[in-house]
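When you get a sec, could you build the whole thing from the sequences and use the hints?
So the protein lines, in turn, are chains A and B.
Just so we're aligned: the first sequence equals residues 42 to 506 in our numbering.
Just so we're aligned: the second sequence equals residues 42 to 506 in our numbering.
No wet-lab data here; the hints were simulated from the structure.
Among these hints, one or two may not hold up.
Same chains, same names: a pair is fine if it fits in one copy or spans any two.
Said to hold, decoys possible - Below, simulated DSSO-like cross-link-like pairs (lysine-lysine); rule was C-alpha separation at most 27 Å, straight line: (1) 70 - 197; (2) 104 - 356; (3) 389 - 503; (4) 69 - 206; (5) 206 - 80; (6) 191 - 503; (7) 287 - 197; (8) 422 - 69; (9) 394 - 363.
There are 2 protein chains.
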Amino acid sequence: MRKYFLSAVFTLTSFLVFSQNEDSVMIKKISDEILTNGKAYDNLRQLTKQIGGRLAGSPQMVKAEQWGLQVMQASGADKAWLQELMVPHWVRGGKDKADALFNTAIQGSRNLLLQKKSLDVLALGNSLGTGKARLTKEILLVNSFDELEKKKDSVKDKIVFYNYKFNPTFVRTFQSYGDANGYRGSGPSRAAKYGAAAVIVRSMSHSTDNNPHTGSLRYDTTLPKIPAVAIGLQDADWLSNQLMNKKIINVSIQTNGHFLPDTIGHNVIGELTGSEFPDQVITIGGHLDSWDPGEGAHDDGAGVVQTIEVLRVMKALGYQPKHTIRFVLFANEENGLRGGAKYAEEAKTKNDKHIFAMESDAGGFTPRGFTFGGTPEQLKKVQSWIPLLYPYGVYEITNGGGGADIGPLNRNFKIPVVELAPDSQRYFDYHHARNDVFENVNKRELELGAINMAALIYLVDKYGL
Amino acid sequence: MRKYFLSAVFTLTSFLVFSQNEDSVMIKKISDEILTNGKAYDNLRQLTKQIGGRLAGSPQMVKAEQWGLQVMQASGADKAWLQELMVPHWVRGGKDKADALFNTAIQGSRNLLLQKKSLDVLALGNSLGTGKARLTKEILLVNSFDELEKKKDSVKDKIVFYNYKFNPTFVRTFQSYGDANGYRGSGPSRAAKYGAAAVIVRSMSHSTDNNPHTGSLRYDTTLPKIPAVAIGLQDADWLSNQLMNKKIINVSIQTNGHFLPDTIGHNVIGELTGSEFPDQVITIGGHLDSWDPGEGAHDDGAGVVQTIEVLRVMKALGYQPKHTIRFVLFANEENGLRGGAKYAEEAKTKNDKHIFAMESDAGGFTPRGFTFGGTPEQLKKVQSWIPLLYPYGVYEITNGGGGADIGPLNRNFKIPVVELAPDSQRYFDYHHARNDVFENVNKRELELGAINMAALIYLVDKYGL
Numbered sequence: 042m043r044k045y046f047l048s049a050v051f052t053l054t055s056f057l058v059f060s061q062n063e064d065s066v067m068i069k070k071i072s073d074e075i076l077t078n079g080k081a082y083d084n085l086r087q088l089t090k091q092i093g094g095r096l097a098g099s100p101q102m103v104k105a106e107q108w109g110l111q112v113m114q115a116s117g118a119d120k121a122w123l124q125e126l127m128v129p130h131w132v133r134g135g136k137d138k139a140d141a142l143f144n145t146a147i148q149g150s151r152n153l154l155l156q157k158k159s160l161d162v163l164a165l166g167n168s169l170g171t172g173k174a175r176l177t178k179e180i181l182l183v184n185s186f187d188e189l190e191k192k193k194d195s196v197k198d199k200i201v202f203y204n205y206k207f208n209p210t211f212v213r214t215f216q217s218y219g220d221a222n223g224y225r226g227s228g229p230s231r232a233a234k235y236g237a238a239a240v241i242v243r244s245m246s247h248s249t250d251n252n253p254h255t256g257s258l259r260y261d262t263t264l265p266k267i268p269a270v271a272i273g274l275q276d277a278d279w280l281s282n283q284l285m286n287k288k289i290i291n292v293s294i295q296t297n298g299h300f301l302p303d304t305i306g307h308n309v310i311g312e313l314t315g316s317e318f319p320d321q322v323i324t325i326g327g328h329l330d331s332w333d334p335g336e337g338a339h340d341d342g343a344g345v346v347q348t349i350e351v352l353r354v355m356k357a358l359g360y361q362p363k364h365t366i367r368f369v370l371f372a373n374e375e376n377g378l379r380g381g382a383k384y385a386e387e388a389k390t391k392n393d394k395h396i397f398a399m400e401s402d403a404g405g406f407t408p409r410g411f412t413f414g415g416t417p418e419q420l421k422k423v424q425s426w427i428p429l430l431y432p433y434g435v436y437e438i439t440n441g442g443g444g445a446d447i448g449p450l451n452r453n454f455k456i457p458v459v460e461l462a463p464d465s466q467r468y469f470d471y472h473h474a475r476n477d478v479f480e481n482v483n484k485r486e487l488e489l490g491a492i493n494m495a496a497l498i499y500l501v502d503k504y505g506l
Numbered sequence: 042m043r044k045y046f047l048s049a050v051f052t053l054t055s056f057l058v059f060s061q062n063e064d065s066v067m068i069k070k071i072s073d074e075i076l077t078n079g080k081a082y083d084n085l086r087q088l089t090k091q092i093g094g095r096l097a098g099s100p101q102m103v104k105a106e107q108w109g110l111q112v113m114q115a116s117g118a119d120k121a122w123l124q125e126l127m128v129p130h131w132v133r134g135g136k137d138k139a140d141a142l143f144n145t146a147i148q149g150s151r152n153l154l155l156q157k158k159s160l161d162v163l164a165l166g167n168s169l170g171t172g173k174a175r176l177t178k179e180i181l182l183v184n185s186f187d188e189l190e191k192k193k194d195s196v197k198d199k200i201v202f203y204n205y206k207f208n209p210t211f212v213r214t215f216q217s218y219g220d221a222n223g224y225r226g227s228g229p230s231r232a233a234k235y236g237a238a239a240v241i242v243r244s245m246s247h248s249t250d251n252n253p254h255t256g257s258l259r260y261d262t263t264l265p266k267i268p269a270v271a272i273g274l275q276d277a278d279w280l281s282n283q284l285m286n287k288k289i290i291n292v293s294i295q296t297n298g299h300f301l302p303d304t305i306g307h308n309v310i311g312e313l314t315g316s317e318f319p320d321q322v323i324t325i326g327g328h329l330d331s332w333d334p335g336e337g338a339h340d341d342g343a344g345v346v347q348t349i350e351v352l353r354v355m356k357a358l359g360y361q362p363k364h365t366i367r368f369v370l371f372a373n374e375e376n377g378l379r380g381g382a383k384y385a386e387e388a389k390t391k392n393d394k395h396i397f398a399m400e401s402d403a404g405g406f407t408p409r410g411f412t413f414g415g416t417p418e419q420l421k422k423v424q425s426w427i428p429l430l431y432p433y434g435v436y437e438i439t440n441g442g443g444g445a446d447i448g449p450l451n452r453n454f455k456i457p458v459v460e461l462a463p464d465s466q467r468y469f470d471y472h473h474a475r476n477d478v479f480e481n482v483n484k485r486e487l488e489l490g491a492i493n494m495a496a497l498i499y500l501v502d503k504y505g506l
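In structure tokens form, the structure reads like this:
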């Protein structure tokens, strides 16, 4: 809390000496234009409903790249192009299946009835499947990595079920995600180390439904690459209740995930060329790829259409940026981050002078702030603009980095970076799940995000950092 | 913007001299309890799914009162009772219907084809219906009251179509509502003054769907009480486009709204008796009634279950309030406000010393602040607590009054009042429409509202105002 207090005091003091009338007029124009004539919502409808989920290497991703290029041009980019790169090509390979098999006593008899309950699962991204044969093994419940270590002698040939709870008491839900997502990322290999046959991971969500949430794992290449699935919360609770009651449960899993050879993908780039400093570049972006079960509406269709909306509003208002602004739809954030790496690498090779980068990859929800990565002085300067953003919902800018896709740029150029920080309460209801669809994005919340992004880009372009 | 700046500076300065550790620990306990064991969402499911829409006088309202009383008791109230009052009893009386009738030229012929297009409408609350016979008249498009005045000589015997737009450029959507809702409230009588036969009002919403949004009108009793309906936005746009193209359109309306005799209704009241000042009362509430087309989930099921959750969390944490706290589910907010009036009247008659009141009636969305009604000194004191609420999403407390149900209490006792101010972007997508249902409320957003309400009640109980 103290942190917020100090930064806020600075913000407000600097505001007093900050001539802001012209800027607040400009930002009001941005807001009025987007709230009245905004195209972000219609663009999102096209991306989600006409193209859908678009994992790197998929035919949908190819369509999305063409769509992105065309929308960049239609929105008024001075130039627009595709930046080629190689992307990993993981495919799910079919419907993921899992059944719990267990015995129930038949009333009035000594016999047992074998029961089967179908579980709602999704193979983790980058996981290798069971192949055509089902894998059927006894389940071992493990509530944490500590418990895995304690039970390590019982792990061999079992399916380890990580039932680590998404912590509901963190108000900012990305904290719960940071706390839990190691079970998805490194959980499979940590179980494989003790001989596990497969892994089931409780979904990283506190939703009230049973949709499983996928996402990438990272195999330790020195260990067997065992199959791994995410399970919906209701099924996870059922399974853990059964196991807590000392029931023996076998689970039969069939998954088909595998890698095809790396293939060609593209970052989609649009540019407004700077009027004063054409060789100094500000980058703003979101990632075009998404997981396959849903439509990638919040993750990260929202960031994509907000990025394009910032371009559109600048053209619509006749705003001529002083610096060159690049609008980038990054390839392959979800299971490789090759798009962000390629973009930063080429910028370095060509010696493009980057001065700032912004990303939107936390959903199309009502904005509350930005997270920032840079020096304390730069942070103070950005915070001094909060009063200008305040009428549009942004009231805090805190340390916290700029997002995955612009991470490599940040490392290569040591430039300040920011990421839009919308309200996070609903994000993990949809994240990497089949309900991350257009219908779950609100038009005005999406637009308010774009307004604050455009306003901050305008301020950085005008005043520098 | 300046206003925010000054109040924030005061807030933060006072924070420095404010010993707050014990309070932040208590508020964290409130938050953890609600986010972990909260019952607000389950209670809302019961109220919306088992009872549904519950207008004053309806059988559902009777059920809701019994449900409320039982939940108050189950949540640990020291006492709980029903406060009887008389409520108006308006009924919709059947399905509201409207058809647009217009001629289209038949291709290659001089003849005209009579076309019919069904419009999605809802009679306005408290409006009188057309009766069994349909009312069929020519439509007159009027985009504002100014335009009505200009066209007043053409109004006679027409159906006036108020197509006043819900302003998208106000970021805080209640501003758009304040700007537009006169067309619903007084529009019918203003048209009746010039001899209109009926009124169609563009819904007060910027949703992307076609659901009509109802709500109360207020007839001028000196003028004919003409039928009046709200129309969905897509139909409103279609209708205005036709009329702008000089088409003549008749609309045939059938509505059946009428009043039955006033009937008995109840405020539901639960109480925690104060340990130090049992005769000093803090009231917190929401309204139990709702419009009939939906389930009254955001309006105001959310406020109802948040109010009960504040009671539940105090009992769960063993918190003994110093003052008596009354948890009130008000009757008849939507079309009469008799519940709030009765509560204030009885408090005055019994000479109950009220010191503070809080309401939640702006939806179960992620909280951003509170609006306040009271003296500048009281406002400063409440604002000095913002740093304690900040971790839970509340960052501003502004002048703006305390909500309709506690208005009479405020007037009778001159006490400070507050209303929870959640994010307002989605509110008018659902307000008074058939999609104000349980599925459109997010569990954690609802809970965060209850957390901030409980925290502020705790602070007022401890420190006074």
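Hints and how they fare:
Proximity of residue 70 to residue 197 under the C-alpha cut-off of 27 Å is found in neither arrangement, the shortest distances being 63 Å within a copy and 41 Å between copies. For the identical chains of this complex, residue 104 and residue 356 are intra-copy neighbours only, at 25 Å inside a copy versus 57 Å across copies, given an alpha-carbon limit of 27 Å. For the identical chains of this complex, residue 389 and residue 503 are intra-copy neighbours only, at 24 Å inside a copy versus 59 Å across copies, given an alpha-carbon limit of 27 Å. Taking the shortest Cα distances, residue 69 and residue 206 sit within 27 Å of each other only across copies (19 Å), while inside one copy they are farther apart (43 Å).
Only between protomers do residue 206 and residue 80 lie at most 27 Å apart by alpha-carbon distance; the minimum there is 19 Å, versus 39 Å within a single protomer. Taking CA atoms no more than 27 Å apart as the test, residue 191 paired with residue 503 passes in neither setting, with 58 Å inside one copy and 47 Å between copies. In this homomeric assembly, residue 287 and residue 197 come within 27 Å of each other (Cα to Cα) only inside a single copy, at 19 Å, whereas the closest approach across copies is 79 Å. Taking the closest pair of Cα atoms, residue 422 and residue 69 come within 27 Å of each other only inside a single copy of the chain (21 Å); across copies the shortest separation is 32 Å, beyond that limit.
Taking the shortest Cα distances, residue 394 and residue 363 sit within 27 Å of each other inside one copy (14 Å), while across copies they are farther apart (63 Å).
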